[in-house]
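Asker: Spelled out, the chains give:
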Amino acid sequence: MASIAQAAAENLLSPMVLFFALGLAAGWAKSDLAIPEAIAKALSIYLMMSIGMKGGIALAENGIDQRFLLLCLAGILLSFLLPFLAYVLFRRLGGIEPVSAAAIAAHYGSISIVTYIAATAYLREAGLAFSDQMVAIAALMETPAIMAGLFLAHRFGAPAAGTAAISANRPPLGRMAHEVFLNGSVTLLIGAFVIGWLTGGKGGESVAAFMFDPFKGVLCLFLLDMGLLAARRLAQSGLPRPGTLLAGILVPLCGAGVALLIAALLGIPAGNGMLFVVLGASASYIAVPAAMRLALPRADGGLAITLSLAVTFPFNIVLGLPLYAAMAQALLQP
Amino acid sequence: MASIAQAAAENLLSPMVLFFALGLAAGWAKSDLAIPEAIAKALSIYLMMSIGMKGGIALAENGIDQRFLLLCLAGILLSFLLPFLAYVLFRRLGGIEPVSAAAIAAHYGSISIVTYIAATAYLREAGLAFSDQMVAIAALMETPAIMAGLFLAHRFGAPAAGTAAISANRPPLGRMAHEVFLNGSVTLLIGAFVIGWLTGGKGGESVAAFMFDPFKGVLCLFLLDMGLLAARRLAQSGLPRPGTLLAGILVPLCGAGVALLIAALLGIPAGNGMLFVVLGASASYIAVPAAMRLALPRADGGLAITLSLAVTFPFNIVLGLPLYAAMAQALLQP
Amino acid sequence: MASIAQAAAENLLSPMVLFFALGLAAGWAKSDLAIPEAIAKALSIYLMMSIGMKGGIALAENGIDQRFLLLCLAGILLSFLLPFLAYVLFRRLGGIEPVSAAAIAAHYGSISIVTYIAATAYLREAGLAFSDQMVAIAALMETPAIMAGLFLAHRFGAPAAGTAAISANRPPLGRMAHEVFLNGSVTLLIGAFVIGWLTGGKGGESVAAFMFDPFKGVLCLFLLDMGLLAARRLAQSGLPRPGTLLAGILVPLCGAGVALLIAALLGIPAGNGMLFVVLGASASYIAVPAAMRLALPRADGGLAITLSLAVTFPFNIVLGLPLYAAMAQALLQP
Amino acid sequence: MQTHRKKRIEIIVESAIEHRLVAAIEAEGASGYTTHPVIGGKGHHGAWQEIGITPGSGKLAIVVIASPELAERLVPKLYAAMADYSGVILMSDVEVIRSAHFS
Amino acid sequence: MQTHRKKRIEIIVESAIEHRLVAAIEAEGASGYTTHPVIGGKGHHGAWQEIGITPGSGKLAIVVIASPELAERLVPKLYAAMADYSGVILMSDVEVIRSAHFS
Amino acid sequence: MQTHRKKRIEIIVESAIEHRLVAAIEAEGASGYTTHPVIGGKGHHGAWQEIGITPGSGKLAIVVIASPELAERLVPKLYAAMADYSGVILMSDVEVIRSAHFS
Ligand SMILES: Nc1ncnc2c1ncn2[C@@H]1O[C@H](COP(=O)(O)O)[C@@H](O)[C@H]1O
Ligand SMILES: Nc1ncnc2c1ncn2[C@@H]1O[C@H](COP(=O)(O)O)[C@@H](O)[C@H]1O
Ligand SMILES: Nc1ncnc2c1ncn2[C@@H]1O[C@H](COP(=O)(O)O)[C@@H](O)[C@H]1O
Ligand code: NA
Ligand code: NA
Ligand code: NA
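Chains as they are written, first to last, in the UniProt record's numbering: chain A, 1 to 334; chain B, 1 to 334; chain C, 1 to 334; chain D, 1 to 103; chain E, 1 to 103; chain F, 1 to 103.
These are computed hints drawn from the structure, not numbers from a lab.
Note that the structure is a prediction, hence the values are computed from the model and not measured.
Mixed in with the good hints, there may be bad ones.
Restricting the straight-line Cα-Cα distance to at most 30 Å, the calculated cross-link-like pairs of lysine-lysine (DSSO-like) are [to be verified]: (1) Lys-77(D) / Lys-42(D); (2) Lys-77(E) / Lys-30(B); (3) Lys-42(D) / Lys-30(A).
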């Protein structure tokens with residue numbers, strides 16, 4: 001316990017978390033500090049490119065083993081199943097109506113790539129080894145949750161009087177799949193992964209001064225923006241009700257628990273296991289909201305983003321990282 | 001004298017000044033070269049973050065001494081008192097009406113962080129030692145001048161017939177203070193300073209490849225944009241009248257003189273002293289214009305920006321830096 | 001032959017070409033991946049600054065010899081004469097009406113600086129020496145083609161019934177020249193070249209961490225965007241007709257051939273010769289379209305950009321680079 | 001200077017369904033349209049602002065100049081395509097010079 | 001297609017006092033508003049352009065759709081809030097489909 | 001609240017000839033104008049979108065508030081300046097508060 005508290009305290013003093021806190025504080029105080037939208041998008045593109053390519057290079061260098069493939073499968077399954085758990089909690093504890101609860105649940109089955117990135121930076125700082133190709137699992141877990149969310153909405157979303165259950169003019173499935181799988185960040189993450197895998201270490205070296213060296217500093221700037229966004233989100237929509245808030249903390253903890261169990265069953269080592277736990281615990285705020293907006297326009301998209309961006313994301317970054325790392329180190333092999 | 005001329009010539013050939021000159025030339029020739037606004041903002045955010053964090057780290061490593069605290073106090077006082085001097089010069093020499101003269105005076109009491117940054121780059125090139133934590137004094141000097149400017153406007157701004165002296169619907173003081181202290185660049189500068197101080201050298205190392213190494217190159221790009229802005233500003237508003245122009249050069253020289261005197265009295269060494277002189281000599285074009293725009297809408301905000309951005313800033317960058325360095329080296333202890 | 005195929009295969013697996021391909025694929029699949037416009041402009045500004053300064057520094061360090069001056073002259077002449085050849089091919093083979101053919105021809109006489117940049121990266125990878133000051137020739141070749149294009153349009157553009165040949169309100173020549181010579185990228189390229197030449201290696205060192213080290217990685221990101229643009233261009237305008245398409249490949253090949261001949265006659269070594277060939281083969285999509293748009297508004301500007309950006313550029317990057325390098329190595333002295 | 005009466009249709013809508021409205025505009029045979037950026041606002045679905053990378057809040061404005069007859073046909077189609085989504089449609093009178101340019 | 005007459009109020013104003021106008025709009029009970037970016041212009045206070053980091057020049061456009069009665073009340077309030085600051089207010093007629101959507 | 005009738009001229013035009021239109025606006029003595037960004041559209045010259053660094057596609061919207069008399073003079077001048085180039089001009093009625101502010 002003491003060491004968790006100490007790790008949490010150290011995490012609190014990392015530049016990463018401090019810049020996030022600065023963003024939160026500036027946003028909360030209504031400072032006019034703002035990262036221009038184009039820059040925020042560029043930072044996010046940079047992080048995707050970098051993490052994707054790093055993953056591909058790692059794959060090219062280390063190859064693939066059976067345990068990794070199993071973990072891939074487990075990730076896909078986890079992303080598809082977590083929304084069912086999340087749905088129940090958001091309905092019961094959060095008191096959210098069915099269609100919105102289904103949409104929110106999809107966010108929590110999917111993952112937050114920035115949380116994943118922060119976790120890799122955390123592990124590097126803590127000196128705990130992990131494989132860069134874990135990012136492939138992150139990419140695989142982006143989308144299955146969306147199917148689960150749609151299923152839940154169609155199954156439990158009672159039609160309003162005289163209207164169709166979900167949307168009068170529902171987007172065709174092809175368009176939906178397109179929106180999801182060709183989402184810019186998913187495309188880039190996977191594309192850069194493949195490029196890294198094709199070029200291997202040699203290709204990586206030639207672009208390292210841009211693609212890898214500034215990574216941690218860029219992450220700080222990006223987290224500053226995330227802090228600003230989270231604070232502004234809260235200012236615009238207000239804090240969710242206590243039950244909903246609680247669910248926004250409990251669902252990631254449950255996701256972390258389930259993921260830890262899987263990692264233990266598959267004999268995954270601590271570093272990779274911690275990253276898998278982070279994937280289970282984190283919630284999407286880029287790919288999934290766009291898809292839900294299109295497919296379930298009547299769901300409360302604002303609440304979904306408030307929860308994933310302004311409740312779960314800060315929780316994971318500030319308290320979650322040291323907690324998940326401690327859990328992984330306690331229960332998984334080194 | 002010979003060595004000042006030589007230093008000035010060398011300064012003229014530094015990439016920093018040359019890129020500024022390129023911007024001036026391109027803007028003057030109406031080239032369509034333009035740095036997109038989002039990029040200019042990002043560059044400025046980068047410079048604030050970097051210089052702030054560097055300052056905080058220096059504070060963490062070197063601690064604080066009494067002389068530094070005295071200099072902080074002196075800086076605050078200087079920022080508050082310089083506008084009175086500037087007001088007289090802009091009224092008498094510049095022939096500017098009271099409210100506008102008060103607003104302009106506030107700009108000259110405050111500081112230009114980019115001029116400060118250019119001065120640190122100049123010192124580094126010249127091999128003259130200074131303390132990075134001097135940036136804290138820059139941050140402290142941003143705002144007192146605004147109070148002085150408002151006081152001057154209220155004291156001397158004769159009400160137009162039948163209207164209130166300053167503004168029919170004057171912004172409440174709270175809003176003003178908010179606008180000033182929570183100005184984005186002030187927030188970021190101070191925030192990054194605190195972060196640097198909290199994380200110390202270790203936190204700095206982990207982000208150095210992004211936060212510190214590219215600093216000088218980024219400054220060149222930013223100065224290119226400043227040159228473009230200054231030239232466009234002049235093209236839009238025309239050159240100020242000779243008296244006004246002269247005041248735009250004399251006021252910074254007086255500011256420099258007063259600051260040099262203070263530095264000598266407090267026994268500040270040459271490097272830090274030169275930076276203090278630069279703070280005295282430079283004029284704000286970010287935080288103060290925004291505040292004046294809100295508080296003194298009837299003041300000629302365009303003239304204020306033309307003077308600080310297109311007259312004083314180039315003067316300081318091109319001639320001021322070597323001059324102030326020579327003054328500091330001649331009169332202060334090494 | 002075998003070695004060309006091998007070089008082509010290796011080029012295909014360079015991060016540069018792979019990111020370009022990723023952009024093409026993402027754009028073709030209508031992924032919503034997009035580089036914000038401000039970022040794309042900043043990347044292009046960065047590349048111009050970097051390549052220009054590198055060239056100027058090389059000039060300062062290596063000086064100038066007669067052969068280089070001759071090549072400069074040859075480049076200017078080539079840029080002026082190539083449009084005549086291109087005009088014939090686009091008229092005959094492409095079946096394009098005179099004014100549009102003239103506008104398109106001007107694009108092919110001019111050069112694509114990004115293709116040039118990719119060629120320098122290619123040579124560096126291939127270990128073939130070249131002089132960085134070759135970029136001066138690229139700058140010189142930007143504009144003569146425009147004169148040739150205008151001449152062709154005025155000579156062969158038959159006036160529509162009752163209207164003037166080219167444009168009812170033709171822009172005055174001064175405005176045109178302004179638009180061309182003060183085009184942002186030309187200004188910056190030349191300005192940075194002069195700065196590099198003035199500061200020499202010492203100035204370069206102080207900004208290298210920003211200006212030179214990240215160069216290749218930035219180029220990858222920029223090529224990703226170029227791929228997206230090319231794919232979107234094709235989606236918007238459709239593939240040109242087979243004859244036009246063929247001309248879009250043949251004209252660069254002819255340009256390459258003529259340039260190779262000149263390089264051989266002047267006794268230029270293989271590395272520099274390959275760059276000269278690339279200048280001959282590449283087509284403008286920044287400076288020339290803007291000038292043509294203003295001077296020949298009735299020309300089909302869309303087709304010109306489709307050809308230069310979505311046909312010739314990919315051809316040059318993917319197949320052209322290894323081909324031109326092989327040609328240069330076979331026919332020029334090492 | 002002779003002018004002709006047209007309708008100016010202005011739609012503020014979520015970017016997510018831009019393609020759907022453009023499809024309706026083209027299907028009805030309008031001669032063109034223009035899209036403008038929007039940076040914030042407030043309506044029945046609450047306040048929003050373009051803030052960085054989060055999606056779903058993004059909106060834009062589409063302007064269509066059309067003959068009164070075409071507008072009469074087009075507006076209900078646009079209205080239907082926007083059902084469930086947040087946004088507004090306005091219509092006003094404008095004059096243009098060349099009538100043939102617009103359908 | 002039945003339409004209803006509303007007023008379209010368009011304000012071009014310095015960003016510095018956006019909050020003040022929005023406060024007035026909300027205080028009078030308008031159902032919504034939309035803000036649009038602006039990149040340059042010229043008026044009695046001279047020409048300006050969004051150029052980079054210098055402040056004070058930044059402007060934006062605010063559009064409010066309101067019933068004629070509300071517009072009659074709102075415009076003078078907006079006008080007063082803009083006194084001393086540079087900017088213009090316009091009002092024109094528009095038609096909307098659902099009347100209830102706007103107040 | 002007394003209002004005055006003015007004309008609102010709205011021009012969508014290629015950025016390349018912005019300077020030419022602004023020159024015409026100033027030459028006719030308009031008291032001001034405002035430029036707005038535009039992000040895409042479709043017309044007789046095909047569809048376009050602001051995409052990155054390629055030029056020629058860039059467009060913007062210029063809005064001029066003018067007295068009916070000035071508008072009558074100005075619109076043909078603008079129309080002539082746009083000949084050969086892609087773009088549209090619209091004119092509609094608006095009300096302003098202070099008449100003196102606009103010419
Ligand atoms: N009365 C109004 N005036 C101007 N814009 C409005 C108005 N009502 C709604 N809007 C715009 O349309 C968007 C969606 O409206 P709503 O669906 O009512 O939330 C809002 O966010 C505003 O940008
Ligand atoms: N006649 C006009 N037509 C269009 N926009 C105008 C007009 N007059 C002023 N504006 C806009 O309103 C801003 C402020 O106007 P002013 O307070 O007159 O300087 C100007 O910079 C323009 O953007
Ligand atoms: N009917 C229309 N409604 C709205 N905007 C139009 C219309 N026609 C043309 N435009 C705009 O004006 C631009 C140029 O039109 P054009 O010259 O017809 O290609 C188009 O790209 C659109 O942005
Ligand atoms: Na998850
Ligand atoms: Na000062
Ligand atoms: Na060429």
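Asker: With the threshold set at 30 Å, check whether the alpha-carbon distance from Lys-77(E) to Lys-30(B) stays at or below it.
Answerer: Violated, because 41 Å separates the two Cα atoms, which is more than 30 Å.
Asker: Would the hint linking Lys-42(D) and Lys-30(A) be met if the CA-CA limit is 30 Å?
Answerer: 19 Å, holds
Asker: Would you mind confirming whether the straight-line C-alpha gap from Lys-77(D) to Lys-42(D) stays at or under 30 Å?
Answerer: Holds, because 24 Å separates the two Cα atoms, which is no more than 30 Å.
Hint 2 from the earlier list is the only one contradicted by this structure; the remaining hints agree with it.
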